[in-house]
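Trainee: Model the full assembly from the supplied sequences, consistent with the hints where possible.
So the sequences go chain by chain: Y and Z.
For the first sequence, the tail end lands on 307 under this note's numbering, and the numbers increase by one without skipping.
For the second sequence, the tail end lands on 1307 under this note's numbering, and the numbers increase by one without skipping.
Just so you know, these hints were derived from the structure itself, not from any lab.
Quick caveat, the model's predicted, so the values are computed rather than measured.
Every residue, glycine too, gets a C-beta built ideally from N, C-alpha and C.
It cannot be assumed that every hint is accurate.
According to the in silico footprint, chain Z covers these stretches of chain Y (three or more CB under 8 Å from chain Z) [as the list claims (entries may be wrong)]: (1) 55-65; (2) 180-194; (3) 227-240; (4) 262-273.
Each chain, letter by letter, is given below.
Number of protein chains: 2
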Amino acid sequence: MSILAVGSVAFDTVSTPSGRVENELAGAATYFGLAASYFAPVRIVAVVGDDFTAEHENVLKARGVDTRGIERAPGKTFRWGGHYTENFSEAITDFTELNVFENFHPQIPKEYADSKFLFLGNIHPTLQSTVRREMPNTKLVGCDTMNFWIQRTLPELRETVKKVDVLLINDGEAKMLSGESNLLRASQKVLALGPQALVIKHGEYGSTVFFREGAFGTGRHPFRAPTLPLAEVVDPTGAGDSFAGGFMGYIASQEEINREVLKRALFYGGVMGSFAVESFGPRRLLNLKRGEIDERFGIFRELTHLD
Amino acid sequence: MSILAVGSVAFDTVSTPSGRVENELAGAATYFGLAASYFAPVRIVAVVGDDFTAEHENVLKARGVDTRGIERAPGKTFRWGGHYTENFSEAITDFTELNVFENFHPQIPKEYADSKFLFLGNIHPTLQSTVRREMPNTKLVGCDTMNFWIQRTLPELRETVKKVDVLLINDGEAKMLSGESNLLRASQKVLALGPQALVIKHGEYGSTVFFREGAFGTGRHPFRAPTLPLAEVVDPTGAGDSFAGGFMGYIASQEEINREVLKRALFYGGVMGSFAVESFGPRRLLNLKRGEIDERFGIFRELTHLD
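Mentor: Right, here's the structure in full:
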């Protein structure tokens, strides 16, 4: 079933120890859409400027991503420049030019109204809430956010989080949102805000999904998925959005939604994130084969499963 | 089969957000011995001072730990004082009084000579090498170290590492020892120093075992074990030594040593580490039941295994 993803399309200029790219097609909606496209039909709502060409659009279309919801606005597309600390633990922003993204007001094409899955990318929580309200008949809503919104728009963010099924954030964001330095207590406080499940991403250490009691069936414990130890991380930009794409994509591909599906989705999230970091921008996500994805899923299983 | 453990016995004074203890029986050999005692017979070689009483010794004896190798020297037992940063990521040392530990020269009682497993706790690498040479007929040798020895006695440490089967260190130590910030490349460089397997501990994110090609049977990948997300970490002191005790203890309890055994041992290491941090000092390790250990092993499995 189809997934509607709302978020940024951007041109990134990124330096890492492996090299540098300029104005690479990127942004949360791009990474998410490409990663999810291997599992389910994806529709994007975003805004771009005059500099977004047919060639750029074809990158998405070639993966079957529905681009009718990408609005063209006069001006330039959102641009971000950054580099990484040596162990890739943190992105250092060199510049941010919001451009047309500054006045982004997501417009959902009527053809998208029947989407059963919704992913709210990292945008102002009030915009996330507006989109959420316009899509009342979804089966599952996933949501991302970041420190910026936690610090500046906490009341609005709480309203958003109350209405989503799965919140996907990283350790630092979970601790900031909850005011708790212990991850289990942080997860309990975040779940108390409303979501049915909380996915916390631990970077190179994988991810954990915490469930609200009784949500998605029964079970006592959280669940942890690994990442793949890689000898070379080329560019970690977009790993989290690609993770979300694999996670939501796998869920959308399944008949039922239950804890076991969410656990597998966590593995597929890790798998797509591990592909994303193997190249600059979303390049590695353009020409994967489903067999490669399943093979890596098998490696993730070998990495963690006893006989 | 019996495990011989060489390391420190100490009295710790520790402050954490959960409280404070003074002169608590601790030290690497204590944590290791207590944790391993649930799986196999353990023999300790250490040094203590006049202040080490029969009552202290009985804590070990009550768990069946053989204390004949604990040497009494005139003076005071090694004392360490410390506290933790808020998220427990780092121990801050308040004081270190080496006392009798400063002149520790491990003496192996002849009754210990038939030990089939050897654990070289975190002491000067030259002492580790000496003990290693005196125990040539072991089935498996495990070894710990720390940043202090990597920085100050690297040539000696390389000699030690060359002669052990499994090195157990944490992320920071692996990166420092290898000069690599990428964990997979770091593991490759450390394995090139000689050990058959390298266990890297990631704190609250679990641990990974990397195998030298062909060591302990065949297989393509490393293996990762989780930790248990705990709502309250009371005192993380000794978690690494307790991990090593569970890891080595489980291996010593098995007929054969192969990759599958080492993978399970990694789980048992995490299990014993997770118990250790639930109380001050090694208190939680004094009265466990094997059933509790196996139940937690089951939780670790549920945390990571898909149906």
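Trainee: Three or more residues of the region 55-65 of chain Y near chain Z by CB distance under 8 Å?
Mentor: It is violated, with 0 qualifying residues against the three required.
Trainee: At a Cβ distance under 8 Å, does chain Z reach at least three residues of the region 262-273 of chain Y?
Mentor: This one holds; 3 residues, not fewer than the three required, reach chain Z with a Cβ under 8 Å.
Trainee: Within the region 180-194 of chain Y, is the number of residues with a Cβ closer than 8 Å to a Cβ of chain Z three or more?
Mentor: holds (count 7)
Trainee: For the region 227-240 of chain Y, does the count of residues with a C-beta closer than 8 Å to a C-beta of chain Z reach 3?
Mentor: It holds, with 5 qualifying residues against the three required.
The structure does not agree with numbered hint 1 stated previously, though it agrees with all others.
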